[in-house]
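Produce the complete structure using the sequences and hints provided.
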Amino acid sequence: MRKVLLTAADKLLWLYCAAGLIFLGLVVLTTFLQVATRYFLETSLSWTEEGARYSFIWMSMMGASLATRHGSNAAIDIIGDFLRGKAKAAHSILVQCSIILASAVIGVYGVSMAEVMMVRNSAALGIPMGYVYIAIPVGCAGIVVQCLANLAEMGKGGDC
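Residue numbering for the sequence shown follows the working numbering, starting at 4 and increasing by one per position.
Just so you know, these hints were derived from the structure itself, not from any lab.
Pairwise CB distance ranges, derived in the manner of DEER restraints:
| hint | residue 1 | residue 2 | range |
| --- | --- | --- | --- |
| 1 | L36 | H94 | 44 to 52 Å |
| 2 | I82 | G129 | 43 to 51 Å |
| 3 | G83 | L48 | 42 to 50 Å |
| 4 | V7 | A93 | 23 to 31 Å |
Derived pair list, reagent style SDA-like, types lysine to any residue, alpha-carbon separation capped at 25 Å:
| hint | residue 1 | residue 2 |
| --- | --- | --- |
| 5 | K89 | M157 |
| 6 | K6 | S101 |
| 7 | K14 | S95 |
| 8 | K6 | K159 |
Even glycine gets a Cβ: it sits at the ideal position worked out from N, Cα and C.
See the structure below:
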């Protein structure tokens, strides 16, 4: 079961990484277009600001999953630095479980918000805002899977 979970988490991590890179490319491209059209054409494209903002939201949610798996997300390690042995392991498990709980709650509310926002369209792009808001539960699902993978690695003696 542990091997299946870790394999699935690795594949999902690869998918989130690829999506994050695509959204990063979109942020760079749309921002470049905005600057270039303002500088050279002395006008701006109305959709580039929205496109960059929505791509940044998706990129951030994909990146949160990556950071969770690698333990590189923002953290306050005051307590963890003083603990040793089983106390440190218990603390790490508690942290992962807390992240799972918070992500699950945020993800559930994100689904509700995305459903509500499907009827509203963005001003410049004209896409349903639910497509932007669905990034929240998608990102939270990735975070939960990566936390479960971290817990599985802890169970086999890995350091997360």
